Amino acid sequence: MLRSRRRALVSIVTPVAIGIMALTGCTSAGQSGDAAGGTKQETLTLGMTADIQGWDPTIQPGYQGWSADAVWDSLLRCDKNGKPQPSLADKWEFSADQKTATLHIREGAKFTDGTPVDAAAVKANLDYVASAGGAAARWANTTIKSTDDQTVSVSWPEANPLLALRLCEPKIASPESLKSKKFNEPVGSGPYTLDESATTRGSVYTFTKNEEFWDSENFPYKKLVLKVLEDETASINALKTKQLDGTIVSSATLEEAKGAGQNIQTLTGTSTTRLLLTDHEGKKIPALGNLDVRKAMNMVFDREAMSSKLYQGHAKPATQIFREGSDAYIADMADPYPYNVDEAKKLMKKAGFEDGFTLQIPTMKGQNHETLMPYITQQLAQINIKVEQVALSGPNAISEILSGKFPVPLWQLGNYGESVQDITDYVNADGIWNVSHQKDEKVSALWNKVKTSDEAGRKAAQQELNQYVTDQAWFVPMVSMDRFYASNPNITVEESSDYSGLHPLLRDFK
Amino acid sequence: MLSVLKNLIRSVAILLLVTFATFCLMFGNGTGIARSILGYQAAEVDVQQKVIELGLDRPLLTQFGDWIAHAVTGNLGESFFTGQTVTSALATRVPVTLTLIVLTLILTVIFSVLLGVAAAVYGGWLDKVLQFISVLGAAIPPFIIAIALIFTFAISVRLLPATGYVSPDQSVTGWIMSITLPIAALLIGSVASAASQFRGAVLDALSKDYVRTLRARGLKESRVIFRHVLRNAGGPGLTVLSLQTLGLLGGAIFVEQVMALPGMGQMANQSAQQGDVPMVMGTVVVTIIIVLCVNLLSDFANTILNPKARTR
Chain V
1 MLRSRRRALV
11 SIVTPVAIGI
21 MALTGCTSAG
31 QSGDAAGGTK
41 QETLTLGMTA
51 DIQGWDPTIQ
61 PGYQGWSADA
71 VWDSLLRCDK
81 NGKPQPSLAD
91 KWEFSADQKT
101 ATLHIREGAK
111 FTDGTPVDAA
121 AVKANLDYVA
131 SAGGAAARWA
141 NTTIKSTDDQ
151 TVSVSWPEAN
161 PLLALRLCEP
171 KIASPESLKS
181 KKFNEPVGSG
191 PYTLDESATT
201 RGSVYTFTKN
211 EEFWDSENFP
221 YKKLVLKVLE
231 DETASINALK
241 TKQLDGTIVS
251 SATLEEAKGA
261 GQNIQTLTGT
271 STTRLLLTDH
281 EGKKIPALGN
291 LDVRKAMNMV
301 FDREAMSSKL
311 YQGHAKPATQ
321 IFREGSDAYI
331 ADMADPYPYN
341 VDEAKKLMKK
351 AGFEDGFTLQ
361 IPTMKGQNHE
371 TLMPYITQQL
381 AQINIKVEQV
391 ALSGPNAISE
401 ILSGKFPVPL
411 WQLGNYGESV
421 QDITDYVNAD
431 GIWNVSHQKD
441 EKVSALWNKV
451 KTSDEAGRKA
461 AQQELNQYVT
471 DQAWFVPMVS
481 MDRFYASNPN
491 ITVEESSDYS
501 GLHPLLRDFK
Chain C
1 MLSVLKNLIR
11 SVAILLLVTF
21 ATFCLMFGNG
31 TGIARSILGY
41 QAAEVDVQQK
51 VIELGLDRPL
61 LTQFGDWIAH
71 AVTGNLGESF
81 FTGQTVTSAL
91 ATRVPVTLTL
101 IVLTLILTVI
111 FSVLLGVAAA
121 VYGGWLDKVL
131 QFISVLGAAI
141 PPFIIAIALI
151 FTFAISVRLL
161 PATGYVSPDQ
171 SVTGWIMSIT
181 LPIAALLIGS
191 VASAASQFRG
201 AVLDALSKDY
211 VRTLRARGLK
221 ESRVIFRHVL
231 RNAGGPGLTV
241 LSLQTLGLLG
251 GAIFVEQVMA
261 LPGMGQMANQ
271 SAQQGDVPMV
281 MGTVVVTIII
291 VLCVNLLSDF
301 ANTILNPKAR
311 TR
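Taken in sequence, the protein lines are chains V and C.
Terminal number for the first sequence in our numbering: 510, no gaps in between.
Terminal number for the second sequence in our numbering: 312, no gaps in between.
Hints should not be assumed to be uniformly reliable.
As the list claims (entries may be wrong) - Have a look at the derived ranges for each label pair, beta carbon to beta carbon:
#, chain 1, residue 1, chain 2, residue 2, range
1, C, GLN48, V, LYS510, 58 to 66 Å
2, C, THR31, V, GLY289, 27 to 35 Å
3, V, ASP215, C, VAL157, 36 to 44 Å
4, C, PRO59, V, GLY108, 53 to 61 Å
5, C, ILE289, V, THR266, 30 to 38 Å
6, V, THR266, C, VAL172, 56 to 64 Å
7, C, LEU103, V, SER197, 42 to 50 Å
8, V, LYS258, C, ARG10, 56 to 64 Å
9, V, ASP215, C, THR31, 50 to 58 Å
Honestly, the hints are just simulated from the structure, not real lab data.
Just so it is clear, the structure is predicted and the values come from calculations on it, not from any experiment.
C-beta: ideal position from N, C-alpha, C; glycine also.
Only chain V is shown next, with the shape it has when bound in the complex (with noise of 0.2 Å):
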């Protein structure tokens, strides 16, 4: 009996396990191009954390655009540090009074569909941006005029700092694809071109080169491979097995990915974790319009143990809201608050304001408040500040935040190369995240001299910008963090292209 059982066991068991292996052998268990013999791979495989958010144009991300970057060509390219560079504009001029700029169209340019990227489809694109929201409030009446086949003027009323930067950003796009506003597939001049059949919305998307692209010797993959990844755990997991080539870790996931060989980009203070304190007028917050107030804020953080334990030493301590190398950077400013904590609650009762109040601080997944939260509500407690958390979720939450209704956000946001893209941003009175939009005669003024002044004028005024705020304590800076990117041994990538310094570039990848 029991050698009977044995035999219908091993007779069961046997075949069972032969054709386990005979699957594994018949399969690759999901290998991403692996390169055999010794030859390059002929696929890039790339994990996104986030779906794309369909194809229309103007709504691309520079966060992960790698979809976008794939399909479309801009009129510039801009480089690590924001300085414009050959793109489908080969040639370029801007005006002295920073308002207008002339682009000739390189020759021979043509997208996907057969048709000519010359300065109409280019005038085309640049209207539909104006006009079709999302950053159509950069593009608020410009004029676009094409003044030959190849040639494009674009002026703004007033003058733009940021010329270069704004020509980075729009993708251009086939003005057919442009008409119906349906975008169901991207038609662009871009290295690549979507592979429908082999790509799957949400999930999968499949491009293949273009080789009729002006710089095609710089993307060397004949195929491009996009994994839509949300969980850290099925990406970490994807690129350990060799089912991605790279993907963007965290600092939690850091560690495993080194540990599994993976090569590591490190971006080091590209992003600045700041309390925001956009209510100086005291409007909403009146404690917030004491300067006193503002910097007994600031000096109750231990920025060197943030930077070592809350970030386990990826990040080191900022003092001021701009990048290191950018023109608005002070490099030789000592520490404005040192961390003082007596010294602060002497500040908050010569202020008045020796009882404290309450502060609403909104909180959102993604930004590490996990973390950061308990720190922050513990070391404002020292000057009686009583932090109320607001949990926001959904996709109303950047909205809620933006609007103004909480004076104080805090986040981990970018500093970008080109520092007067953060004074567009952070300080400007119409800056999206000045959310409490209180004009200041002195930055109004250092904005204009940013905006007329030459090159070296523009630099001096953006420094004394930074002190100012520096001086008055709009921000709470914490700390510098690092993002990085995990890639595989057996692909190249070369250092981050990229001006807001998120990640490497399509084109990084060798």
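With chain V held as given, fit chain C onto it using these hints.
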């Protein structure tokens, strides 16, 4: 027949009610939807223009009426972001999730019946092991099991893929490989729970007088168990299985996330985060339909197994 009709009408009423409630929640804030499409840099005037363009400024009842009128013809609208029709998106996603759920259910039935019967009939160490495993299976969520399986079979030993889905028309062996770990992750908890229920139902049925009578008449034990006892134990078991299906739908969402499977769960998660309201509505509707179909099938199967249920 009458009871089937009553169940159908009740199901349609539930579908309408839940759909309406979801619609109100999803479409209630037109400005927020427009801003999530245009990005936070968009000017207020552009946001309001988008609201009007999408028809979100109309009364909710009007919007719902329009939506229902299109939905009954199979048009569930288009993604706010990609322009892809909801129907075509679901057409690629639903088969993936249904593959996981249906195959897991079939395997659950097979394994839980065999294990439940064995535990009830033979008892002893098998029974004790089953009870222990059922507690463990209920305690450990499917995504934790999925992570453990990935670590063992995909990372430590490169036997199966860690992520991704291969459709059967691309490669049958690739398809089998890609669904093995997700199904195993869902199956373990599902079998643990269902086997325990079947065990209880079988034990209960075995204690009945008719079983003693059948044995006294000289019927083979296997015939007693599989033809008579199981039939009577099947009713409670079916109820458990229909509840399992609901649990599997929820478990599938997490497993699809962890293993990056392009199923309905992943689509629902992405759409909800983006604020792609038509896609969310589409997944909600399909999910409700699946749940109602499972309930209807379960009731129908119960009437076949249990003659008393037919007379109600």
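Going through the earlier hints one by one, which of them does the structure break, listed in rising order? Of the numbered hints given earlier, those the structure breaks are 1, 5, 6, 7 and 9, listed in rising order.
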